[in-house]
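Trainee: All chains, please: the whole structure from these sequences, using the hints.
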Amino acid sequence: MKKDLSSLVELLSKGAVEFAVVGGYAGVVHGCSYVTADVDICCLFSEENLLRLQKALSDVHPVHRMTPGHQALRLTEENCGQFKNLYLDTDIGQLDCLSFVEGVGSFLQVKESSEEVEIGGVAVYVLGLEALIKAKKAMGRPNDKEAVLQLEAIQKLREEK
Amino acid sequence: MDDETFVADFGCDGYTLGMVGECEQNIKSGAGLPKCHGIEAAIEHGIDVHQLAANVKRSVSERLRRHQIALDIVEKLRKAKRL
Chain B
431 MKKDLSSLVE LLSKGAVEFA VVGGYAGVVH GCSYVTADVD ICCLFSEENL
481 LRLQKALSDV HPVHRMTPGH QALRLTEENC GQFKNLYLDT DIGQLDCLSF
531 VEGVGSFLQV KESSEEVEIG GVAVYVLGLE ALIKAKKAMG RPNDKEAVLQ
581 LEAIQKLREE K
Chain P
20 MDDETFVADF GCDGYTLGMV GECEQNIKSG AGLPKCHGIE AAIEHGIDVH
70 QLAANVKRSV SERLRRHQIA LDIVEKLRKA KRL
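Just so you know, the protein sequences line up as chains B and P, in that order. Sequential numbering from 431 applies to the first sequence in the working numbering. Sequential numbering from 20 applies to the second sequence in the working numbering.
To be clear, the hints were calculated from the coordinates, so they are not data collected in a lab. Incorrect hints may appear among the rest.
Partial pick of chain B residues on the chain P-facing surface, computed with a CB cut under 10 Å [as the list claims (entries may be wrong)]:
id, residue
1, Gly461
2, Val465
3, Glu582
From chain B, some residues computed to sit far from chain P (all C-beta separations above 12 Å) [to be verified]:
id, residue
4, Arg482
5, Asn509
6, Gln512
7, Asn515
8, Lys541
9, Glu589
All residues carry an ideal CB built from backbone N, CA and C; glycine is no exception.
Mentor: Laid out in structure tokens, this is it:
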């Protein structure tokens, strides 16, 4: 199956998962011109929300991307609490699930800094431009520096609109 | 969408072969763009701010549709071992 990142986001939204899109895909939503091959989300790492996430992704066969042999995602009430992040691969693209975003904070703080955007007919929280710039600056990797330049230019262009 | 249409539609994005000359002119001159630090810094870094300006005018759906097209091309190139 080919990568389809907006469908991945739609699945989470339709599955009532509490999340916000962050990272490179959030940059694309805001108008960045680079290509990103995955979706990063910040989500509530409660047992209920993680089990909803697992159910939402069940048709696209999520696996742990960083484990040897790419083990299937098998969250239970007992093991949910051990995860702070999930790095997944699915049939339709990679999904990184973070409990915390550097420069912004935990999910609740990320959600407060997010705006509701329609993606594929569903309302989705996406980290706002200012917070996304803070997050990218906090990461400080070369790709993030380029993203910051694009996002700051977009910020200025929006002000001029 | 065939390659020619994609190139004409997307302009210069690093993954297509056409319109490099026009893109370079736009990038270097910053013609038609507001003069301010954020934009000038992006231009100096070689970012096509005209493309960003065009994206800002588009809907979120359109931005994501174009991104999906670009991603499909990147994946094809990767599979063809061009990247």
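Trainee: Compare the structure with each hint and give your call.
Mentor: Now for the hints, and whether the structure bears them out:
no.: 1; hint: Gly461; verdict: holds, 4 Å
no.: 2; hint: Val465; verdict: holds, 5 Å
no.: 3; hint: Glu582; verdict: holds, 4 Å
no.: 4; hint: Arg482; verdict: holds, 24 Å
no.: 5; hint: Asn509; verdict: holds, 33 Å
no.: 6; hint: Gln512; verdict: holds, 33 Å
no.: 7; hint: Asn515; verdict: holds, 23 Å
no.: 8; hint: Lys541; verdict: holds, 18 Å
no.: 9; hint: Glu589; verdict: violated, 8 Å
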